[in-house]
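Trainee: Residue strings, one per chain:
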Amino acid sequence: MKARILSLLSLGAILAVSLRAQPAFSGPMPSPAVVADAGLRRAAYFDRIDEVLKWRAGLPVGAGELLKDTAIIASKLARHEDADLCSRSIIELMKEPGSGPFWMFPAVDIAYLGRGQLSAEAEKAIRDAWRSAMQIRGDTENHWAMYYTSLYLMAQLYPDDPADSWYTGKSSQENMAEAREYLISWMDLATTVGQGEFNPTHYIGEYAIPMLFLSTWSKDPGMRQRGQMMLDWLFADLAENTLNGVLHGANARTDDTSVIERWNALASFFSWILFDNTVPPQSYGGWGVYFATVAKNYEVPEVIYRVAVDRGADYVQHDLKRTRRRWRNSDVLSAPVYKTNYTRRDYAVGSYQGGMADPIQTHVWDVTWAVPDPRGVHNTMFSMHPISSSFDMQTYFTELPDQMIKGVTKEGKASYDSPDKLLGGSRFEQVFQNLDTIIALYDIPPGTRFPHINGFFSKDLVNLTVDPSGWIFAQGGRAYLAYRPLAGYELQPLARIKSSWTGERADTGDKRLYSPHLKNGTIVQAASADEFKDFAAFQAAIRALPLEFGLEPVPTVKFTSLRGRKIVCTYGKAPVLDGKKVDYSKWKLFEGPYLNADKGSRKLTITHGRLERVLDFNTLAISDRVKPE
Amino acid sequence: MTKIKTTFLGFALCAGAAAAAPAAPRHDLILCAQVTNNFVVGSKLTAPSGLFRREADGAYRHYGVNFPFVFNLAVDPRNPDVQYVASLNGALVTRDGGRTWRIGTSWDMTEPKDIFLDPNAPDTIYLALPDGIAVSRDAGHTWPRAEKGLPGRGKYMQVAKVDRTRAGRVLAGCESGIYLTENAAKSWRLIFPTKTTITDIRQSPHDAKLWLASTQSNGLLVSRDGGESWTKFDGVPSAEALYNVAFDATNPQRYAVSSWTYGVRTTEDGGRTWTERNAGLPEDHVVFRVGIDPDTGRLYAAVYKDAVFRSDDFGRSWTKDGLEGSIVYNFVFLPHPAK
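Protein sequences appear in the order of chains L and E.
Its first residue numbered 1, the first sequence is counted upward by one per residue in the working numbering.
Its first residue numbered 1, the second sequence is counted upward by one per residue in the working numbering.
A hint or two may mislead.
[As the list claims (entries may be wrong)] Just so you have them, the derived chain E footprint on chain L, three or more residues with Cβ under 8 Å:
hint: 1; segment: 94 to 103
hint: 2; segment: 141 to 153
hint: 3; segment: 174 to 185
Simulated from the structure, these hints should not be mistaken for lab results.
Please read these numbers as outputs of a predicted model, since none were measured by experiment.
We put the beta carbon where it would ideally sit given N, CA and C, even for glycine.
Isolated chain L, as found in the complex:
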């Protein structure tokens, strides 16, 4: 297949390097205590940045050898080390430039960090590469964010260069104008009708790093401010959707590892470096190194820090997002995504209404429970329909039908055509969430590839009990979980995908609930262990909840939740809550205790206690205040 795919090739190389001297990765969990002193927070933030750079710059290089990748060069340049070695290495590396945004933004990083350090020959080598190698723009929003930010900044370095000196065939000024126009267009979309690749476990880096570069190096004050504001926007959204630093569902895009080991994602690098409320993944997630090279130019706003680490009470956030661009098979270019996040101390429940936000890597809903240390823990529960469909691929990609499924499995999405996959959304899933209750209904047409439901049962669940009532009970951390399959099933051992590139599998002790019924459904009710005398009391409470359901002609559920809410869900119809039809059209861009924005407003208010920050893209103003008592 083609450009759509995240290139993790470089990342793979990075992950393969030595684990030594990554103290945060291998060390103890950070203290959950809130650091009230801004100076201490800032100093600790700098320490974390220095840890990343020291590790990456310090990876061994053979005597007389050149540096083999841009991450080590960028780290050394950020630390003002080995400028001569960096120059010689760059000259060699630039003889074979890469081919797209994943090459472009590291090249920009070293070009800017290298100012005043690199030799004239090295600077020329970088510059020449932007003439000689046609760069691929890609076909996703993250590709374009990287591509256009990189093109903008590189052209800015050489503002008067003529058209024939750039691979685009356009002058520096033309390149900057096009890039600026796109970036503003993208920011407009995100701040009016919602982000496309929302809450991604990995792609957050592909947005945050370019925005950091823009906020640091743009000479245009407006673009610099936009970069800063988008960073705040992204990180506020990250903070809201994390549980002790771990990003939970729903996610527009995640991967085979992160969907079950929720912590193991680049997003955790950002939680660690910004909020210090979890540990970073191995090798700081790979791309995290590039963020670190410039991270001292970003100051984490206290209000965002507090949203991430200082949770006084349970909260519900409703967010509006949007799907990836649909070229075909849809009445709309980008459909709205209505996202719910209910977070408590012991667990979080997150979802959107079902369907596909992305054709391959969507994760629609889960319950994720808190754990003292998330490393290696599969602290989540969910179900999904593992669809594999060229119709869906063609909806989102501009390809002929047949090669896509075969191709994508070789391009870092090994599980796509596997019946036991756990990654992906489906057109045939409809989800409703109220607080810590999830109802997911499925109506799968006969003939659909993989006509069954997969439910994920973690190795880390305890007290897993298949109850005669039809409920399955389990405990994850301090979360009590009740899972009600609506059709027959069996629990099977699950050999999860270990490598998204090779498809290599590993037996981890997890189980897959396999339910081969086209009309199907899942109800999940979560609760905190604190709410019950013991697990048996929780089970008794669940058994007592009024529940009626049927599967014909379409799945339908009438359920009174543990919270006393009367929920009626019928596949193909709007959910009904306490007798009132749920009207998604009234949802705001953000609505909750922490983040608030009206649809179309370009204005986000971030609140924590008396702290408030307003990001106003209409005026490009950031305003902070401490609200009166």
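Since the structure of chain L is already known, use the hints to place chain E on it.
Mentor: Same frame as chain L, now just chain E:
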């Protein structure tokens, strides 16, 4: 420039090649192809991709931009140094025979699948987009959209072809059917609705009224009135997608169709009967594209990520021709410029 070695095995044995001394070819064969296996954005280009010219010795020689996603090519008949390419990045334009290129379009146009120049108005170039169509009327300097009459949705456009007999008459293959303009895209009308994408449209070199269209789920369509009405060919399967169709300029009765599932199907009686022509192709015969040399009638088939194959007996036997590991997006036969 990098020369891609081709395989000559069996070349001398080909019946067609052994026929009477051929006249000097009047067309060049250019392939729009990706050779980099399993390429993903960010990885290095391990081999040149983009445009390949088939040389007289059978070698495929890369020229122009090294870019893995070049989908089609149009060349100004007045000046072959002026070339237009539909690429992932948009429309690329060269005015010096491929030495330098400019991305002619901006951020608001992406992934065009077809580009076609009106031979009767060669400054007018049509660019088929996944969300409509752009038309340059100034030889590729500007690319305004021209979509009046196309639906708001359903205008995913895979192909656009100009009627060579009438300037400004264009047939476009979209997700929702075949659309026609007779005023150079100032307005469009739907002439044949479909539920899935039209994958290719071609005009017969023998009969300007005869058009063929391959589809994803409607089989192979034929029009004998210049594209105004269409019927489905019997004898060509339609359960799975057909990818493109080709006329043989040397024989008005011969057409060929490509398909991932069905491989190569040909007719030699104007479509009354069709024959599977996969013997000699790789076992899974996943054919992405067919092309027919307008000078010799040689049939080419591009097997996905395998190689280009040629047949000088219209598919009865095949010989590997080169570009191994390639995805061929289009065979383009360029007429030699008039002297």
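Trainee: Now tell me, hint by hint, if it's right for this structure.
Mentor: The hints, checked one at a time:
| no. | hint | in the structure |
| --- | --- | --- |
| 1 | 94 to 103 | holds (count 7) |
| 2 | 141 to 153 | holds (count 3) |
| 3 | 174 to 185 | holds (count 5) |
In summary, the structure agrees with every hint in the numbered list given earlier.
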